[in-house]
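Residue numbers (the numbering used here), protein chains in the order written: chain A, 1 to 168; chain B, 1 to 87.
Don't take each hint at face value.
[To be verified] Computed list of lysine to aspartate or glutamate pairs in EDC-like fashion (alpha-carbon distance at most 20 Å, straight line):
#, chain 1, residue 1, chain 2, residue 2
1, B, K81, A, E27
2, B, K80, A, E25
3, B, K80, A, E35
4, A, K53, B, D74
5, A, K134, B, E61
6, B, K85, A, E27
7, A, K11, B, E60
8, B, K81, A, E117
9, B, K81, A, E25
10, A, K53, B, E75
11, A, K11, B, D74
12, A, K55, B, D68
13, A, K134, B, E60
14, A, K66, A, D39
15, B, K81, A, E41
16, B, K81, A, D39
17, B, K80, A, E41
18, A, K53, B, D68
19, B, K38, B, D48
20, B, K81, A, E119
These are calculated hints, taken from the structure and not from any lab test.
Take a look at the letters that make up each chain.
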Amino acid sequence: MSENKTTNETKVSTPSDTEVRIEREFEAPRELVWECFSDPELLAQWLGPRYLKMKVEEYDFRPGGKWRYTHFDDEGNEYFFFGEFLELEKPDLMVQTFNFVMDPPIPPAIDRLDLIELEGGRTRLVTTSTFESKELRDGMIQSGMETGVREGNERLDELLARKLSGDS
Amino acid sequence: MEGSATISELAEPTGMSLTGLKKHVKVLEEARLVTTEKRGRTRHCQLDEAGFDEAGFWLEEFRRNWADRFGRLDEIIERKKREGKTT
Chain A
1 MSENKTTNET
11 KVSTPSDTEV
21 RIEREFEAPR
31 ELVWECFSDP
41 ELLAQWLGPR
51 YLKMKVEEYD
61 FRPGGKWRYT
71 HFDDEGNEYF
81 FFGEFLELEK
91 PDLMVQTFNF
101 VMDPPIPPAI
111 DRLDLIELEG
121 GRTRLVTTST
131 FESKELRDGM
141 IQSGMETGVR
151 EGNERLDELL
161 ARKLSGDS
Chain B
1 MEGSATISEL
11 AEPTGMSLTG
21 LKKHVKVLEE
31 ARLVTTEKRG
41 RTRHCQLDEA
51 GFDEAGFWLE
61 EFRRNWADRF
71 GRLDEIIERK
81 KREGKTT
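Turn these sequences into a full structure, and let the hints guide you.
Okay, here's the thing in structure tokens:
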């Protein structure tokens, strides 16, 4: 309800050689944050990278249930992901396997999402992805980021444009 | 390109003006991709290796990507909060 809201910071860390952790706070109670993960229609509206559309083919949101989605663009590039929900304890904890389809296949990561209740109806989300090796972790951070590179370049372009127009 | 180069050395093969090139260098410097050092009357530029540190670069890209996603998640949350309220 506060009108002067600022964007909460996204923090990324590597607690160990095989893990990557993302932390972010949200101005909403855990149940609402949970819903944005459990409802595939909502998920598709935010989880895809900026330049890609997202299509959820399967989302059986219960322990042992499978999920499968595709990120794609207009040029025919497609990135396939699938996994299985292992633990779902609303609104505290989600654990799932996470597979990025590669040729040859690579072993899955395990994603753990902790939703921590904060004062004032706020939530801290902590996601920890654990890989089988450091190489797989680093590979995931890099290979999943083709779009990140494009976005990064665009940001540099924007920065250049802003600086140049501001300076002249 | 290795080592350092002056603004005019960099401008010459590109056909850009010195003023134009200085602006580009300044932006690259702010992006921590280039460092510059004034020696006498000339400014020497070199690539900033720290800015190109591979792990750091990818991790920052990874972070930005997630910051983007969570920004969109914020919008959905705000929308859901409004929908949940009857005025």
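These are the hints, each one checked on the structure:
no.: 1; hint: K81(B) - E27(A); verdict: 10 Å, holds
no.: 2; hint: K80(B) - E25(A); verdict: 17 Å, holds
no.: 3; hint: K80(B) - E35(A); verdict: 10 Å, holds
no.: 4; hint: K53(A) - D74(B); verdict: 18 Å, holds
no.: 5; hint: K134(A) - E61(B); verdict: 18 Å, holds
no.: 6; hint: K85(B) - E27(A); verdict: 15 Å, holds
no.: 7; hint: K11(A) - E60(B); verdict: 10 Å, holds
no.: 8; hint: K81(B) - E117(A); verdict: 17 Å, holds
no.: 9; hint: K81(B) - E25(A); verdict: 16 Å, holds
no.: 10; hint: K53(A) - E75(B); verdict: 17 Å, holds
no.: 11; hint: K11(A) - D74(B); verdict: 16 Å, holds
no.: 12; hint: K55(A) - D68(B); verdict: 18 Å, holds
no.: 13; hint: K134(A) - E60(B); verdict: 17 Å, holds
no.: 14; hint: K66(A) - D39(A); verdict: 14 Å, holds
no.: 15; hint: K81(B) - E41(A); verdict: 17 Å, holds
no.: 16; hint: K81(B) - D39(A); verdict: 16 Å, holds
no.: 17; hint: K80(B) - E41(A); verdict: 13 Å, holds
no.: 18; hint: K53(A) - D68(B); verdict: 14 Å, holds
no.: 19; hint: K38(B) - D48(B); verdict: 15 Å, holds
no.: 20; hint: K81(B) - E119(A); verdict: 17 Å, holds
The structure meets every hint from the earlier list without exception.
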